[in-house]
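J.: These protein sequence lines are chains F and E, in that order.
Residue numbers 1 to 485, in the working numbering, belong to the letters of the first sequence in order.
Residue numbers 1 to 601, in the working numbering, belong to the letters of the second sequence in order.
I should point out that these hints are in silico values taken from the structure, not numbers from a laboratory.
No incorrect hints appear here.
Negatives, chain E to chain F, calculated, CB over 12 angstroms:
#1 E452
#2 P486
#3 Q509
Here's a subset of chain F near chain E, in silico, CB distances under 10 angstroms, partners left out:
#4 A367
#5 P388
#6 A412
Pulled from the structure, derived: some chain F residues nowhere near chain E, Cβ distances all over 12 angstroms:
#7 I7
#8 L17
#9 T39
#10 A54
#11 F55
#12 L59
#13 L86
#14 I101
#15 E137
#16 D153
#17 A179
#18 T191
#19 L210
#20 T276
#21 R301
Glycine residues also receive a C-beta, built at the ideal position from the N, C-alpha and C atoms.
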Amino acid sequence: MELTLPIPNLRAIMPELVMTFWACLVLVVDVLISKERKTWVGYLALVGTLVTMAFTLPLLGTRTSTFSNMFLVDGVALFFKFIFLLATALVILVSLRYLDIEGVNLGEYYAMILFATLGMMIMAAGNELITIYLSLELMVISTYVLCGFIRRDRRSTEAAVKYFLLGIFTSAILLYGMALLYGLTGTTNLTEIGRALQAKNLGANPALLLAMIFLAAGLGFKVAAVPFHMYVPDVYEGSPTPIAAFISVGPKAAGFAVLARLFLVSLPAIRPQWGTLLWVLCVMTMTLGNLVAMKQSNIKRMLAYSSIAHAGYVLIGLVVANEIGLASVVLYMFVYAFMNIGAFSMVILMCKRGDRGERIEDFRGLARSHPWAAIAFLVFFLSLAGIPPTGGFIGKFYLFSAAIQANYVWLAVIGVANSALSVYYYFRVTMLMYMSDPSGEIRLTLSPSLVFALAVMVIGTLAIGLYPSPLIAAARASMAPIFGP
Amino acid sequence: MTPTEIQHALGGFPILTLVTFIPLAGAIVLLFVNSRSTGLIKGFALVVTLIDLAFSLPLYTRFDRTTHLMQFAERHEWIPSLGAQYYLGIDGISVLLILLTTLLGAVSVLCSFKAIEERQKEYYVSLLVLQTGMLGVFIALDFFLFYIFWEVMLVPMYFLIGIWGGPRKLYAAIKFFLYTLAGSVFLLLGILALYFIHGGQTGDYTFDIVKLIYQVKLTTGQQFWIFLAFFVGFAIKVPMFPFHTWLPDAHVEAPTAGSVILAGVLLKMGTYGFVRFNLPLFPQASQSFVPFIALLSIIGIIYGALVAMAQDDIKKLVAYSSVSHLGFVMLGVFALNVQGVSGGMLQMINHGLSTGALFLIVGIIYERRHTRMIADFGGLSKVIPVFTVIFAITMLSSIGLPGLNGFVGEFLILVGVFQRSIMYAAFAVVGIILGAAYMLWLFQRMMFGAVEKAENQNLRDCTAREVIYMLPLLLFMFVIGIYPKPYLSILEPSVANIVRQVQVDRTPQAAAQKSAERDMLQRAVSPSAAQEQAPSRLAGARPAGVAGAGASKAAVPVAGDGATGDAISPSSGAPAVAAAAPSLPAAAGVPQPAPHRQPGR
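Hey, can you work out the whole structure from these sequences and the hints?
T.: This is the structure we're talking about:
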């Protein structure tokens, strides 16, 4: 093969370039800013995500590739990038005061978040195994650091170590799967792999099935699917709360992006096999997540299991894997960014110096003393439980309708049953907030940035619920290049 | 006029939107009122519900009783990518339920003034939001919109039970929520299945209820499964035996207004769902489910009555009586004839009035004595005469004494059920007898005899406020009981239409055959018929001689005109039964002679 080095289309990777630049800028500025003013670094990082978003906007509707087809710009990648950037912006907003309270107001925090976001953005756009793997490592290594950011706290360190050990283990499995794919087809390009598998008629090859299982395991870890979920509750509980919110949305969405692209583009030859595998994962994830969430007394652990359950719902879209199925995946992840970060933000609201406020009991009687905070939490819970008129309902509605349309009726039945089940534990907190008397005075940590972020998330959740039309249209349009003519 | 066409009324004035959202707007305003100014909050909530009631009155007075088409319709694009619209409209099936809802809305605000003392702002906000949800369910003509209202309504009800309820409120609230939610998610799957089947058949992916009802073709298997999904959703709401266990808990723990709304309106959503959706959408399944549903209804009637008899808590007794009465309604609806369905519809209203009033009575007495145990009372008739009169009328209405509303509904249901199966009717009558037994026994134990408890010696009689909110309910008990015709005539076109639809074979094979028949028929009917209100399929059910202009009034009410309107007086009742016995023309569009049209005239 002749080696050509075409000039890469830089316009296509402008968002990533800006993000890289900005992450480095944050690192540099951090050194120059005095210790008391580290919050400014946070605002700088926030501006960075917004600027990156601004550079992503002009790419909407384009479909191009660069770096010898290793890097794609298409609807799916762009939609996911918006989800990542949105989640990052929200997480930065809710972190500003939190870091102060925890006494770890360091600038690296924001740089790490930006690097993780950069990793996710490239993951969603990667069309080549090595690109995907490297960007995935960029993302997870940044998040390992973030999980252990509160160094004096043993739980935070434990979370980081646990995440790190299990993370590299599954990364190795993922890499093994990728190696098998390369060995079978002789290429690392996803499109080429798909073509080669079809051409060589390798559908029944055991090595291919093994590769599929390894890929599913490696990415299943990132999206927190059962049985690769063991780390989730401990890591979410131990990590700084904004980081728990971040990894419950960002890496999960990135994992789904890669899973979808890899299976749909490279492995259509074994569509029935991975369909079955994901079906089983999906049902286990939904059911186990919801069942175990009922038993939790720590709200972060409860939200951790709830986020496992939500990974299960999203997997429905991947099992269906047609246009409406994948559109429902991106739609759901978008809504999920609002409602899940919102729910975690409520925990941040309860956080005080020396007390993380993460017992469910802490919310007892919240509606009495802080009715607006209780309403915000109620909105997030209604949305997570999939009750209208919230975005969560629209997301679930779309997922289940995809399942029904593709005749996965049982999957839809299990899905809705789980959805009904989940109300139990979400409403357990609601009950404490509204129907129990406060056991003591509740003081909330209200900072302007947190309140602003909460307002954005509440309004976003409700707005998507009441007028989902533009979002649905965007999600559908993002899928058109894959499934369209 | 095609069946999917609608009547826009009031010159495009969005009256249904107003009726539905006035309470919500009120609730939002209320959110910003200082929670300490309780007088203002109460007054404002009452004014909002009264305004809503006032706006709902034109729906009745300006209702076109000659047609089953949707009226006062409003339709706007909402989520075009899903095919969901903001589509509202009412017909004879929903109009009375809407009036019942707005009436009970005002009553439930008024009855809470003294009973609710803490967190009043949240309380009235919840009541108002709940009212919007309930009205929306009856008014929505788009499945997506319908489902949103259907679910949204759960949340305020959950708060009403959970915050202002009795000792076991938390358990009751979550049980209520989980039960109804579990049912409604299956309803959602059923809706989605319909949506995709219809979309696949016509290329038109829409949640438009009217279109779906008239256009979708379902095989027997599809009908069975989707019927089942809808059944689970609605049967839990009704609630039918064995899905009823949430009801006693919710009723007993809910505050008075919550119980009134629960019994008066919420339960009707289930039966409304059956009439509005299951019957016309799944005619074959409806037919084949009749024995099953009849069995469950009869068990509900008798079991509910027997358990009611064994209660020593008044509120629990009334709650179980609801299970029994709703079983009656279901039995009537699934008689699948005009008498049964219109009896069921009317009985829904009657049950809302009488059981709503019973819960108000329980609330009144509980506010005075803080107990609901029957054994704590006795001889009250001597102490509180006004209360006794109110209680007596309500009780008699509930057991179906002729001259009061309950009789009309029960009689019609029995007429309908009798035509379906004598055995069902026989069991239903047993339920009526048991119903009379437990209510009369309750009344006797509470009101007659000597005043044995010292606390009961000085009970205060009903206050003016209490009499005011009881009066409209009592008034309608008499009005419907003595002259039910206006209410039946408003139901008739729609009920007749639904009964016609339930006779239609909806399977794709039959549809092909039928469309050929309809073409033939349309050619046979004179051109002037096309301008009439009734759709062409009605032409078959029209007396041959009166096919000219203005005939729709005479044609639509079918057998119901004679049977329902006049059958109430015992003398003409018997011939009406006999004359109405031959059921409606089997399939719409098949021309039939009309010898049964004017029975007894």
